[in-house]
Amino acid sequence: AQRVTQPEKLLSVFKGAPVELKCNYSYSGSPELFWYVQYSRQRLQLLLRHISRESIKGFTADLNKGETSFHLKKPFAQEEDSAMYYCALSGGSGGFKTIFGAGTRLFVKA
Amino acid sequence: EAGVAQSPRYKIIEKRQSVAFWCNPISGHATLYWYQQILGQGPKLLIQFQNNGVVDDSQLPKDRFSAERLKGVDSTLKIQPAKLEDSAVYLCASSQRGPHYEQYFGPGTRLTVT
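From first to last, the protein sequence lines stand for chains A and B.
Going by our numbering, the residue at position 14 of the first sequence is 14; the numbering climbs one at a time, nothing skipped.
Going by our numbering, the residue at position 75 of the second sequence is 75; the numbering climbs one at a time, nothing skipped.
Just so you know, the hints here were simulated from the structure itself, not pulled from any lab data.
All clues given are correct.
Simulated crosslink set (DSS-like; lysine-lysine; CA at most 25 Å straight-line):
| hint | chain 1 | residue 1 | chain 2 | residue 2 |
| --- | --- | --- | --- | --- |
| 1 | B | Lys62 | A | Lys97 |
| 2 | B | Lys78 | B | Lys11 |
| 3 | B | Lys71 | A | Lys97 |
| 4 | A | Lys22 | A | Lys109 |
| 5 | A | Lys97 | B | Lys78 |
| 6 | B | Lys78 | B | Lys44 |
| 7 | B | Lys44 | A | Lys97 |
| 8 | A | Lys9 | A | Lys22 |
Just need the whole structure built from these sequences, with the hints factored in.
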């Protein structure tokens, strides 16, 4: 069965420290992986997707098919990075379903 | 561009009552999604439309939930009758084509069933 696992519900780091939000997935095939973010009182929005291989707001994520992981990383956390982060997978037998992880709340302390 | 619109933003009903949510996607977006997000969980896909046809509704509790997308634009999601466990935020999203494209989310409707 397709599944997205985010093992940490809460991650608290100090400003300037490195951040890694973990995402593991279970999928038989070639999925599309995404990171979505929800800042306080804002809508859920796309942060980045693996096929674009971009760095957005200093965040990067590498798809590791061997470890079935798509961890989100940033070398120096900023207070404005505090938000809820969701890892998502698009795929399925019909190629159409999107599955979200439970999310990780990142709190960056001053 | 205007974002995805949803109404109402909040709704409180008693169990066994019915409720309807409305969504207006971004103009030109062919794919529309309804998600249910229970507190502390990630969004769960209920139904996905491509234009006005259903692509996936495998997680939609069809005995009480129904959804339609008239003319491939606006969509409504209905619950009848509601149960306590339906208390959640209902999110609507749209994308240019399928889920391999970026999904744009609405503000959500927070439903409380008492």
